[in-house]
Each structure stands twice: as C-alpha cells, then as structure tokens.
Amino acid sequence: MCLAIPAKVISVEGASALVTIEDIEYKASLLLLDDVHPGDFIMLHAGFAIEKVDPEEAAETLRLLNEIADNSPQPI
Amino acid sequence: MKYIDEYRKKGLILAVAEELKNISKKEITLMEVCGGHTMAIHRFGLHALLPANIRLLSGPGCPVCVSSQHFLDTAIAYSRIPGAIITTYGDLIRVPGSVTSLEKEKANGSDIRIIYSVLEALEIAKNNPGRAVFFLGIGFETTSPATAAAIVQAKNEHIANFFVLSAHKVMPPVMQALVAEGVRIDGFIAPGHVSAITGTAIYNDLVATYRLGVVIAGFEPVDLMQSILMLVRQFESGSPKVEIQYQRVVQSDGNKIAQNLLARVFELKDDRWRGLGIISKSGLSIREEFSAFDAEINYPITVPVPPDPKGCICGSILRGLKTPNDCKLFANTCTPTDPVGACMVSGEGTCATYYKYRS
Ligand code: SF4
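Quick note, the sequences are listed as chains Y and C, same order. Counting from 35, one number per residue, gives the positions in the first sequence under our numbering. Counting from 1330, one number per residue, gives the positions in the second sequence under our numbering.
Only chain C is shown next, with the shape it has when bound in the complex (with noise of 0.2 Å):
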C-alpha cells in the first residue's frame, strides 16, 4: 500500500537502529503518548530493536480508555431514555460502566448503533424525525472537528433531534499534567494525526517551560524508530525542540479548516480522565451557539460518579508509572474478552495490546 509499504522496510528500520546504538549514550525515557503509537512499538517488535539505555513509556492518549466510567454511566443513562438512539463509535460500546456496558444495554433491548462516521448519525436523525438522536463524541483533536462539522451541519439543515454528548479531550494539558506531576520523562513522541489538525505550536510550552523534547510521529515502524531517533539526537546535544517527523501530513500550521471549526463550535471546560482524575481546561463542551445540540442541556441527567474498579491501575498505566504486567487482574480476570478497565477494551490500549503481543 502506498505510504505505508515503503514505511515498513526492514532494512531501514535496523539502519535506524544502527545508528541509535552508536550514538545514544545517556539514559532516556520517552512517552509515546497516542494509543496507535503503542500499537505499531509492539506489533513490529520495537522495543527488542533499542538500545538498553532507551526506555519507551505508554501513555494517556486513546480516546476510550480515558473515557471515565462516569461518561460511561451516563452514556447508558440517555439510551435509557424512551425512544432514544444512542450512536457511537464502535469500541466504546464495550467498556464497563460501574454496573453495565452499552453492549449489555443493547442486548436487553436499547437501541444502540455502531457508525463508523458521525455523518451517519446526522443521517439516522434525518431518517427518525419523532426519536432523539444522541452521539457520544469521544476522542482527541483528530476526531472533534468531525463532530464540529456535524453539529454545524445540523444547524444549518436545522435538525432538531441531533444530540452531542461531548467528551471530546484535547492533547496538550495532559501531557503537561504527567510531566508536572513528576512522571519522569525526557520527551515526546507526539501523536501525528492530533498534530495534523493542531499544528505545533501546542507543543511550545512543554519545550519552554519544561524543556522536553517533542517530535510528532507518523505510525508506521520506520517513523517511530526515526523519531526516536530525532528525540534522542536533540537530548544528547541538549537542545530540545518540537519537530515534526511525520512531515507527509503534518504541516507546522496545521488544518485550519479544522481549527476553525473546532473553535467556533466547542469550549474548553475542565474534564474527568479515567484513573487521571480532572484536568483543567482538558475537555471540549459545546458553545452556547450550538446549545440546541447539547445533549446535556437539552436532557439533563446527573449520575453519581462511580469509584474506580477495584484492583484495575489503568490510571498508573496511563501515566506511565505501571505496565499492565504490574496487574494482578492482567490477563486472568481481566482480558479482551471480559474486560474490568478500559485499557483492555479498546484496540489500541496498553492492556490489550500487551495481551495480543505477551509472549
């Protein structure tokens, strides 16, 4: 496949590594923040390829598994709601809220659907003028403009039971979040697609403040060991700064388009973070403007939130304190199939993908 294939060569993957081994020197610690990220490092093999001095961290960066079982909770409340659609990407349909899952709700009869675009949902409301149509908007930069242009679209169509229950999270507080609450770390490996959309400039303040090294990575195995290596370059020489490796599709301004949308249509609000707690300024709620498809103000419902599920550590996980190996419950309670936190649910988290690739 075209800008994959080349990005998988073997030959350059170990030149990479090559040359990484002879000029790495110091000890470094390195978070890959986004889920996809983590993916690729363990699906191709990647930690066995780095020199002993190079540690890789996983960190808070899959949509699901920062989604707290409070969202959760309430997601199950509104598809409670006679006559509600409840529509939602497909992974969250399977992590546990405190008592139950969207799946389980589903089973016993609430009408739940899985779309693969959010344009599907504005689609399904079209086709069910008497029902109200709610879409649980989750994920980071990457995924809300496409909620935001939704929203506008329906404004401008003037669908009236098109419903966003918004959890949308952005990217840079919580990174600051880990480095400022002491997680050891000598730089990013930023996420590409996030970054597509946003830009660099939202990596400033982490090279300023903190003095760590950022540089965004494209997914395939050949760009994460050259942003390794890109990190580890600027670190030996003490000069850190963001770079973009991923210089394919992330340009230094980013989408605009996107940015636009995404600041006409939503807000920063403080946010709850599965096993991180909230973060200031950390979550995305809609404007007034657009309150007509706040699901929140437009069906208000308050649920208590829930104590984290006893023995999980997805939060240390998420921090990148503990590996999931550190569980008790990791693989025999909880596994892919039954999970108890959501770093097991969704494909891309740290729990599951040590389960897929444990030796």
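Here chain Y stands alone, though its shape is the one from the complex (with noise of 0.2 Å):
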C-alpha cells in the first residue's frame, strides 16, 4: 500500500498535474510537493505526488552499481 510509481509529468495546473505512466494518464495532486515542472518525474502514490525523482542521483545508483559489476571477478 505505501508503493508509488514513477509518473511523467506532461502539464502543470495550479495543484495537479497531468502524468502519464507507460502512455496511460493519471491525475496527480500537488498538494504534497511544489515546483513540479512538465518533464519532470514523480513518485506517484494513492493519486499525489509525494516526491519527485532525481536524475542525476538515479544515475549515480546506477554507475555504483556497474561498478560493482565490473569489479565483479565472474563475468556475467
């Protein structure tokens, strides 16, 4: 129940937002969270955004984790 989806942020309307996910749209309050622009994403829960996703952290996660991989003795 506490799960949220990462929604694309399409339009901006005073508090809520249109987002899609895989193509299907959603409306998101913005009652939780503020300067959300078209473009950015969200985390989607029970109808708000509670908060948004950052690029450049997710990309950081990302190059952790190949760097694990390629330090891995066991190529895979």
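Calculated from the structure, these hints are not laboratory results. From a predicted model like this one, the values you see are computed outputs, not experimental measurements. Every residue, glycine too, gets a C-beta built ideally from N, C-alpha and C. Please note: incorrect hints may appear among the correct ones.
Using 20 Å as the maximum straight-line C-alpha spacing, the simulated DMTMM-like pairs for lysine to aspartate or glutamate come out as follows [to be verified]:
id, chain 1, residue 1, chain 2, residue 2
1, C, LYS1338, Y, ASP104
2, C, LYS1639, C, ASP1667
3, C, LYS1331, Y, GLU91
Just the calculated beta-carbon pair ranges, DEER-fashion [unchecked claim]:
id, chain 1, residue 1, chain 2, residue 2, range
4, Y, ILE58, C, ARG1687, 27 to 33 Å
5, Y, PRO89, C, GLY1340, 17 to 23 Å
6, Y, ILE58, C, ASN1627, 35 to 41 Å
7, Y, ARG97, C, THR1664, 43 to 49 Å
8, C, LYS1455, Y, GLU47, 17 to 23 Å
9, Y, PRO89, C, ALA1592, 27 to 33 Å
10, Y, ARG97, C, GLY1606, 42 to 48 Å
11, Y, ILE44, C, ALA1660, 42 to 48 Å
12, C, GLY1606, Y, GLU47, 42 to 48 Å
13, Y, ILE44, C, ASP1637, 44 to 50 Å
With the hints as a guide, bring both chains together as one complex.
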C-alpha cells in the first residue's frame, strides 16, 4: 500500500498535474509537492505526488552498481 | 519503464549477489519492514541469491495487515449508520472483522465505496451534502499526508459532511518495539516511501540506542540487493548508521510540505496493532482544531475489543518470529479468497506473498 510509481509530468495546472505511466494518463495532486514542471518524474502514491525523482541521483546509483559489476571476478 | 527497468537488470542483481558472497562473513539477520519490500523480494526470488549466513525477516509494514480487528469492527459499525457512505482504499474491504467484513456489509446494502485517492472522498461528500461521508484513514507516513491535505481542504472549502476515522500509524515506534521486545535483528531495510516523507532523522534512535544499521531502500530488486550489501558492509565493519540507498527519491530531510501538514492536522496517540497490541505513541489522531472532521468526535461509537482470530499467528509473523509455513491454517483454511487473518488479505501481506510465490 505504500507503493509509489514513477510517473512523467505532462502538464501542471494549479495544484494538480497530468502525469503518464506507460502512456496511460493520471491526475496527480500537487498538494504535497511544489516546484513541479513538465518533464519531471514524480512518485505517484494514492493520487498524490509525494516526491520528485532526481535524475542525477538515479544515474549515480547505477554508476555505483556498474562499478561493482565491473569489478566482479566472474564475468556475467 | 523509466526508473524501473534499469533497476531490474539481471547482471546487476547477480553482481551484487557475488559481492555479498565475497564480503559477508558473519551471521546476520535483516528485517525488511515494508510489505512492498517483502513482495519484491519474493517476486524476484532474492532469497535464493543470498549467501546462507544472511537471513531476511518480514516485518510489520503492511498497513492493512496491522489494522486491528477492532478498527474493522468500528468501521463496520460506521457503515451501519443510516445514510452513511464509507470510502476506503480497496484492500481493506476484504479484511475480516470479528463477525463480518466491509465487503459482506456492502453486499448486504451498505454504501461502501472503494476510492483510489482521498480527494475522491471529498468529491463524494460535496456531491452528497445530506449524507455523512466517512473515510477510513489507514497507512503509514506515505499515506497520512494525503489524508491531512484532504482535511485541510475540507476545512478551507467548508465541507461539513466529511469525516475521517483515523487509524494512521507511524513507523518508528513499532520498529523500536520489536527490538526492545528482543526480536533478533541486526539491521533494518527501511521503507523507502515512508522515508521520502519523514527523512532519515526518525531512525537515529535505532542507531544510537540499539546500534542497528538502517538502510532506506527502493523497491526494485537491484535496490534491495544494494541495500542488503550496504547493511552487510556496515555490519562487517561494526559501524551501524542510517544510509540512503534510494537516493533518487529520498532526501535526508524528507518532504517538508508533507511533514508540516502532518504536524498541523495530527497528533500522536497510543494505538492498537493487529497481533502486536497497543504501542505507545504509534498512531495518529486528529487535532482539536480539525475535530469537525473527526469521525470519532462527531459520531462516537464504541465497539468491544475482539480476541484475535483463533489459530492465526499473524502477530508472530509481523514480529518476524514465525513464517506463514508455521501456521496450521496457511493455505488450507486460510487463503487469499477466504482469509482468516489480515496478513492473508493485502497483496503485500506476508501470508499472501508466501501463498502467491509458494512452490
Ligand atoms: S496464514 Fe492466515 S491464519 Fe495463518 S497467520 Fe497468516 S493470516 Fe493468520
């Protein structure tokens, strides 16, 4: 129930945004998040945007993981 | 899907598994608190990838599973108020109360509506001015800010027939209670979306008082494997701390707007957890300023506290002491279509997860 899904912001109008998950449109309330712009990814939970997804941090996590993979003794 | 598929790559999962085999020496028991984590671990078969010295326990972090039978009985009593409309998130309606469930009451003619967002409950209230609309407020810090936002909105818009029955709970006291009770845990895989709201500070006591590691984890298999790796590193080096694996979503000071709303609308109360009893300051009740929207104040109903369902060991499962396989009712009397306890109802419940992925 605490699940939240990354959704792409298409447009913002007042306290709500139109977002898409795999091309399906949803409405996301922005009562819990400000500074949201088209193109951002937000985490959608029970109709509310609860946090933004930070693209730089997302890339950094993957970089760290790839480093572990590269150092892995067994090629996979 | 962006921000999902990248974190499901088999190569990365196996690389972390390999690294874990290399560095994990000591016996270690980790608890994943959140039902969403339990589900992902089983769905992606992560248990099988871990070295034998790493043990994972499932914790009490499924809001439906910890909602007490007493709360269900109370909600059912509200559904019988003439003219009442009950609005609820879907999972809750199948949870058995002591005699009946919301689903059965609905079949018998009560007006019980499943909603996806609490804002729909507000709309229903606006469209039905002559009727009392009750919202069953369950969920942890991920979900409670939405309820708070709806209550503030109801006040701003002078909606007089919207009432919240709050069973919202907070995460830190139950985590502390488990450790204080003596459940053996060496570290917590902490809930990512709860932490996105609260930030990291709520876990500082666990580190300071109990010297336990806490890693805030995302929900994809790579996220979970990396979180386990971070906890094992902390454990092997004897330096427990709070770390964030789920960096792309969780900021260390959390979501301030949500925190402020929570503080404005709710205050802590002692609360009852299914199978775990009453835990001090572990639930949220509505502050006096917003009492016009408090179901318990405007429609006081007391129902007796029922005993736990016979044979159900949900409480021990939520404590990580037992697994569903230890329950005699599991998969014979108790199944997802005919659940005995709440742990079998929610898709994120430990019993339901074991049922779905049982071999
Ligand atoms: S299998 Fe059913 S009866 Fe047994 S502990 Fe789980 S929910 Fe309770």
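Now the hints, each set against the structure:
Restraint check for LYS1338 of chain C and ASP104 of chain Y: satisfied, since their Cα atoms lie roughly 14 Å apart, inside the 20 Å limit. Taking the CA atoms of LYS1639 of chain C and ASP1667 of chain C, the gap is near 15 Å; set against the 20 Å cutoff, the hint holds. Taking the CA atoms of LYS1331 of chain C and GLU91 of chain Y, the gap is near 14 Å; set against the 20 Å cutoff, the hint holds. Checked against the given bound of 27 to 33 Å, the beta carbons of ILE58 of chain Y and ARG1687 of chain C, roughly 32 Å apart, stay inside it.
Checking the proposed 17 to 23 Å range against PRO89 of chain Y and GLY1340 of chain C shows it holds: the Cβ atoms sit about 22 Å from each other. For the pair ILE58 of chain Y and ASN1627 of chain C, the beta carbons lie near 38 Å from each other, so the given range of 35 to 41 Å is met. A beta carbon spacing of about 44 Å between ARG97 of chain Y and THR1664 of chain C agrees with the range 43 to 49 Å that was offered as a hint. Restraint check, LYS1455 of chain C to GLU47 of chain Y: a C-beta distance of roughly 19 Å satisfies the suggested window 17 to 23 Å.
Take PRO89 of chain Y and ALA1592 of chain C: their Cβ atoms lie about 30 Å apart, and the range 27 to 33 Å holds. Hint check: ARG97 of chain Y to GLY1606 of chain C, Cβ distance near 46 Å, so the stated range 42 to 48 Å holds. A beta carbon spacing of about 44 Å between ILE44 of chain Y and ALA1660 of chain C agrees with the range 42 to 48 Å that was offered as a hint. As the Cβ distance of GLY1606 of chain C to GLU47 of chain Y is approximately 46 Å, the hint placing it in 42 to 48 Å holds.
About 47 Å separates the C-beta atoms of ILE44 of chain Y and ASP1637 of chain C, a value consistent with the hinted range of 44 to 50 Å.
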